[in-house]
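Order-wise, the sequence lines are chains A and B. Numbering-wise (our numbering), the first sequence opens with residue 1 and increments by one. Numbering-wise (our numbering), the second sequence opens with residue 1001 and increments by one.
If you're looking for bench data, these hints aren't it; they were derived computationally from the structure. Hints are supplied without guarantee of correctness; some may be wrong.
A short list of chain B residues far from chain A (calculated; beta carbon distances all over 10 Å) [claimed, not checked]: (1) Pro1066; (2) Ile1068; (3) Met1085; (4) Phe1087; (5) Leu1119; (6) Phe1120; (7) Arg1131; (8) Ala1146; (9) Ala1157; (10) Met1167; (11) Leu1171; (12) Arg1183; (13) Phe1201.
Computed from the model, here is a short list of chain A residues facing chain B with C-beta under 10 Å [unchecked claim]: (14) Ile40; (15) Val59; (16) Thr111.
Cβ atoms here follow ideal geometry from the backbone N, Cα and C, with glycine treated the same way.
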Amino acid sequence: MSAYPEAHFAGSNRLFSTIWIFLLLLTGVEIFLGYKPMPIHFMLTILLGLSVIKAALIVAYFMHLKFERLSLILTLVPALVICICLFFVFFPDSFRSSGLRYKIKEPPPVTKSDKE
Amino acid sequence: MSTEARASTFPAADWDGGVLPYHVGHRKLGMWLFIISDSLTFSALLMGYAYLRASNNWPTPFPFSPSIIFSSVMTFCLLSSSLTMVFGVSASSRGNRAAARKWILATILLGLTFVVLHLFEWKHLIDEGLRPFFLPKHWVEVFTTADGTPPSPLFGATFFAITGLHMFHVLTGALYLAVVAARVKKLKHEDVEISGLYWHFVDLVWMFVFPLIYIMSVDVGGVTKLASG
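Please put together the full structure from these sequences, using the hints given.
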């Protein structure tokens, strides 16, 4: 067997253009949602969901992972997802520390604006 | 039947050595591993940002013009640069190196446009008075809550750290692609594909930075503009 696999790059320019249009549409939806009044947790969930869909499209088609061997996908993706999920272990502490903080009434340091 | 005799009848498996178990070269596998580790770096930064945001009174100061318009155009540039890059890799796989170079140069141009627009956005915020650990005075007036809690001065630190690291990746990627474009006729197709992987990763990171940093901090009523006069 040769040292390197032969050049192969599945997917047509038409397919990549369709993915690009879809990514632009999802970005448009994100900007639209930014101006819709809604609870911040709800907005965060929707925006992160859309971002994960966009990331998956980029990884699958532009980065070509969809056309790679399953063994490569299984080596890379679950490990990354598990590590990122483990970061969330710290997140609930942010709400606790928010409640424990000493209430500072003094204004924070500011810079002088040119428009003053 | 002895063990040795049985072993010799097995076909060569992926994990026996001498073959490529993932069917990719070592350089491409190395780039994938780098991308995984860099993903964790950005994930940690974004998680730190989310932690600070949830545990503080966080300002939402980005007006539609120029911040959201600029960042949207920047997103368009990066997404389009990914499309031109994938066209370049596709041309390279067909052996059309001249077309591959043309598409890679278009990718660099779009990447540099992103950086220039981003620097304009930074300049606008710095002129307003935003610094890594200081807020503009009118932001403090606008975003102090009714019970007197002032906004967190860490807004600038998280903003400049995350977007700055991303901009550094874009600049590094543009340099990397410039080298690939210059030597495209001498390089293997896999080398072009590897540079594409890096560039798409830079685009991928922005897909999280843009909504979390910009869209989540939209100044819907334009209060900061009103306060700044």
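Hints, verified against the model:
Interface exclusion of Pro1066/B from chain A stands, the closest Cβ pair being 14 Å apart, more than 10 Å. Not every beta carbon of chain A lies more than 10 Å from that of Ile1068/B, the smallest distance being close to 7 Å; the non-interface claim is violated. A beta-carbon of chain A comes within 10 Å of the beta-carbon of Met1085/B; the shortest separation is about 8 Å. Distance check for Phe1087/B against chain A: the nearest CB is about 6 Å away, which does not clear 10 Å, and the non-interface claim fails.
Taking the minimum C-beta to C-beta distance to chain A, about 18 Å, the non-interface status of Leu1119/B holds against the 10 Å cut. Against chain A, the non-interface label of Phe1120/B holds: every CB pair exceeds 10 Å, the least being about 16 Å. Not every Cβ of chain A is farther than 10 Å from the Cβ of Arg1131/B; the closest lies at roughly 6 Å, contradicting the non-interface assignment. The beta carbon of Ala1146/B is kept farther than 10 Å from every beta carbon of chain A, the shortest such distance being approximately 13 Å.
At roughly 12 Å from the closest C-beta of chain A, the C-beta of Ala1157/B stays outside 10 Å, upholding its exclusion from the interface. For Met1167/B, the condition that its CB be more than 10 Å from all CB atoms of chain A holds, with the nearest at approximately 19 Å. Distance check on Leu1171/B: its Cβ is at least 20 Å (rounded) from any Cβ of chain A, clearing the 10 Å threshold; non-interface status holds. For Arg1183/B, the shortest C-beta to C-beta distance to chain A comes to about 17 Å, beyond the 10 Å cut-off, and the non-interface label holds.
Distance check for Phe1201/B against chain A: the nearest CB is about 7 Å away, which does not clear 10 Å, and the non-interface claim fails. With 10 Å as the threshold, the beta carbon of Ile40/A comes within range of chain B, its nearest partner Cβ sitting at about 8 Å, so the hint holds. This hint holds: Val59/A has a C-beta 7 Å from the nearest C-beta of chain B, less than the 10 Å allowed. Hint status for Thr111/A: holds, given a least beta-carbon distance of 4 Å to chain B, under 10 Å.
In the structure shown, a violation is registered for the earlier hints numbered 2, 3, 4, 7 and 13, in ascending order.
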